[in-house]
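> Residue numbers (full-length UniProt numbering): 1 to 559.
The set of hints was computed from the structure by calculation and includes no laboratory data. Among these hints, one or two may not hold up.
As the list claims (entries may be wrong) - Taking CB as the label site, the calculated pair distances span:
id, residue 1, residue 2, range
1, D168, D384, 52 to 58 Å
2, Q287, D207, 56 to 62 Å
3, D384, E92, 50 to 56 Å
4, V231, E99, 45 to 51 Å
To be verified - List of simulated lysine-lysine pairs, BS3-like, C-alpha gap at most 27 Å:
id, residue 1, residue 2
5, K261, K229
6, K261, K400
7, K229, K310
Glycine is no exception: its CB is placed at the ideal position from the N, C-alpha and C atoms.
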Amino acid sequence: MTKQRALAQISWRGIIAIVLGCCVSACQPEPSHSRLQHGLLYCAEGNPESFNPQLVTSGTTLDMTANLLYDRLIEYSDDAQDYVPALATAWEVNEDSTEYVFTLRTDVEFHHTDYFTPTRTLNAHDVVFTFQRWLDPSHPFYAVSLTGYPFFTAVGLDSLIKDIRALDDNQVLIRLDQPDSSFIANLATDFAVILSAEYAQQLLQQDRRSALDTQPIGSGPFKFQSFRKDVSLNYQRHPHYWRGVAESERLVFRLIPSDHKRMLMLLTGDCDMIPYPPARDLNDLEQRDDINLYSTVSPNTAFWAFNTEKPPFDDVRVRQALAHAINREAILEAVYFGHAALAQSILPSTSWAHFEDPEAYAYDPEAARELLADAGLHQGFSMDIWALPVQRAYNPNARKMAELMQADLAAIGVRANIVSFEWSTFRRRLAEGTHDSVLIGWSGDNPDPDNFFRPLLSCAAVLSGSNRARWCEPEFDRLVLQAIRTSAQEQRQGYYQQAQQLLNDQVPLVPLVHSMRYHATQPNIQGFELHPYGGIQLHQVHKRAPDIDDAEDAEVLQP
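Let's have the full structure, built from the sequences with the hints guiding it.
Given below as structure tokens:
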């Protein structure tokens, strides 16, 4: 196929999708826009639910906040394959791994905005405030979050940390109730951002505590400017960033739910960058000279979770039947166009703790019918499949996936209704547990296997709302806790493999695929790297200086 033909094919796909979308629901007029000088125009898939990553587990929110507005004590480095200093320059651990002392940088400035002017640099009191905010139910900011602190609750950090205190302005002591081999990994996640205690104190005096999460103050490379739901999000460069000023003066997110429309806007130059380009266009994009396509092996898993608190999904035979009813190979080809690998476990195959049992999820409609009959459902039943309404690396088209599954389930007498909502409503209702089943997934924040177990499947995660199967199995929790209480990898591997065997037997969810992660940019975008773990990083990203003719034609996007 020629590049010109590929361009026409991709462009017309986008145009047709937009026209069809307007036929279904009236197209809203777009704000005037064009190419953005002195900054980046990033077309994103949805609205952030919050501007504080502590409050969510949504990848959409994390991408647009965690690495852009904030910093963490430590980070995971893809290059070093290890955890490295960030706001903490060093840390020491006692002999039994229950006390950690972090030494902080002394030159970290928080954001100066229209609504806050800091009088000091970051110190130990900011770290203590940040942790106490989600650790202590009596803390004045604890109840501000109506959704709780799902990640910290799911991995048990709220019960693991016995004490946190400032030893002086530049040192923080964290004392644990017991050793936990995943503790450092959890501090390196996108959820563990550090907030400003001084800003919080100002909000407390003004009786505006909720602004901590809606008008953010961090120490990251960009600072908040404005947000219009369903339209745009605007950030400005933080001029005193401790790692050096960001390469781009401005960062504008245009909020475009349709992947087809984002693709068209990229091709016409109305987006500098887009996440999750349509899977069916990836081969064409790889052949183009006027678009840069970035990819990485991303530790992620798309899965189908059953609400085990609701009948008939509380019956393991029904869950096993549904697992055998769906043709995952067909989903792999029709939804991912081969840009993914079949999953045999919730834990990606790249992990050292991966264990698989292919028979557990094998496509076998006859076995599915026998299991339903054994459960007293030989005439089938009706159920809902909730389909993720936004694109993620692990699932580029949940609606199409649900339609394929709907046809497979009909063959065994199960009548499936496909349900979806606007993204924020979808996540809220999902956390409330009103679903029958849901197509969703998880992207790893770090290489520790625990990142795929406790946040998704622990009993604590049922309470926090991040356990979409609402499956609480004490034996699973016991195995995972045994794994994190030892630092010996061989012993941890044994416990994790037993946990995966239990999942294969009980089937609270069906692992579907592990997908590659993709981003596409204009060819003049430089400094971008796509990392396998965590959200996007745009500190070093910028446009190559335009030619004189290009500069004469360019216009500036107004916020």
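> Hints numbered earlier in the text: which of these fail when held up against the supplied structure?
7
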